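Generate coordinates for the entire structure from the input sequences, incorporating the hints supplied.
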Amino acid sequence: MGVVDGISVERAAHVATVWLDRPDRGNGFVSAMQVELHRRLAELDDDEDVRAIVVTGRGRFFSTGADMEPGGSNFAFDEEQTRAARAMMAARTRPWELRTPIIGALNGPAVGLGLTFALQWDIRVVNESAKYGFVFTRRGLIPEQNSLWLLPRLVGAAKATELLLTGRLFRGDEAQRMGLATQALPGEQVLPAALGIATEIATECSPAAVGLTKRLIYQMLAETDREAAFRREWEIFRWTGRQPDSAEGVAAFLEKRKPEFPSGKDVSAPLADVVNDRAAWMGER
Numbered sequence: 004m005g006v007v008d009g010i011s012v013e014r015a016a017h018v019a020t021v022w023l024d025r026p027d028r029g030n031g032f033v034s035a036m037q038v039e040l041h042r043r044l045a046e047l048d049d050d051e052d053v054r055a056i057v058v059t060g061r062g063r064f065f066s067t068g069a070d071m072e073p074g075g076s077n078f079a080f081d082e083e084q085t086r087a088a089r090a091m092m093a094a095r096t097r098p099w100e101l102r103t104p105i106i107g108a109l110n111g112p113a114v115g116l117g118l119t120f121a122l123q124w125d126i127r128v129v130n131e132s133a134k135y136g137f138v139f140t141r142r143g144l145i146p147e148q149n150s151l152w153l154l155p156r157l158v159g160a161a162k163a164t165e166l167l168l169t170g171r172l173f174r175g176d177e178a179q180r181m182g183l184a185t186q187a188l189p190g191e192q193v194l195p196a197a198l199g200i201a202t203e204i205a206t207e208c209s210p211a212a213v214g215l216t217k218r219l220i221y222q223m224l225a226e227t228d229r230e231a232a233f234r235r236e237w238e239i240f241r242w243t244g245r246q247p248d249s250a251e252g253v254a255a256f257l258e259k260r261k262p263e264f265p266s267g268k269d270v271s272a273p274l275a276d277v278v279n280d281r282a283a284w285m286g287e288r
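For the sequence shown, the positions run 4 to 288 when the working numbering is used.
In short, the hints are calculated from the structure, not lab data. In this text, all values refer to a predicted model and were calculated from it rather than measured experimentally. We treat Cβ as the ideally placed atom computed from N, Cα and C, and that holds for glycine. Hints may contain errors.
Stated by the list, open to error - Ranges of calculated distance between the beta carbons of each label pair, as one might list FRET restraints:
hint : residue 1 : residue 2 : range
1    : Arg14     : Thr85     : 21 to 27 angstroms
2    : Arg14     : Ala87     : 16 to 22 angstroms
3    : Asp269    : Asp27     : 35 to 41 angstroms
4    : Trp242    : Asp27     : 46 to 52 angstroms
5    : Thr85     : Asp52     : 37 to 43 angstroms
Claimed, not checked - Below, a list of computed lysine-lysine pairs in the BS3-like style, where the Cα atoms sit at most 27 angstroms apart:
hint : residue 1 : residue 2
6    : Lys162    : Lys217
7    : Lys261    : Lys217
8    : Lys162    : Lys134
Right, here's the structure in full:
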């Protein structure tokens, strides 16, 4: 399949690469492109053969954000447009709820929506000299796409407040230093590095354990009870230890070979309600 609504997909072994594929428009997003991106992410997540996803941009830019039309018509929704947009958002895949790791290979500049979408993914590799920014306040808007919730958790409240209020641009090497990205590299190395991370996950790690770990990371970000988090983690750790992937992982390590994990991504660890009650969990009542 070629480019559909500004999105194309390539596959190699257990890794899928999703391309933002409107280079003539700086990979700027229109509504159909947003829908197609999230549709393809969900489709790839449903595919048990895909163990990691990389998202990158075709051409010089990762994404210039929303492809704005003259007069700001992208944002000045009337009531009918608002209802349609709300329905689209309600149906949209939440990347943090998918089992498959998503790695952003931000090969070039990314601003606004082009950066907040990438913020929703799990790992980011950026171009060290490219410019990035949450430019919303400079367009008379507030930051969107869950960035107000997540950015302070990634870089700290003080730095997030500065970035979101000023809307200033910053280079990729600063993004790496503040914790927004894990690596900042020369532009031509960004996609190979992201694919390397994806391949390592796809070939060395249990898809079931990766999927559970990803979901738990995001659940723990919202957990305010440290003891409850500890108990949930402990119970699921013990449960995974009884699964065939654990036996295979240990055997592969001892035999110094690549693991061949038998379980797929679609696993659900049982968790008793007693985990939420320390006394019940300890068997005291």
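* Violating hint indices (sorted, rising) -> 1, 2
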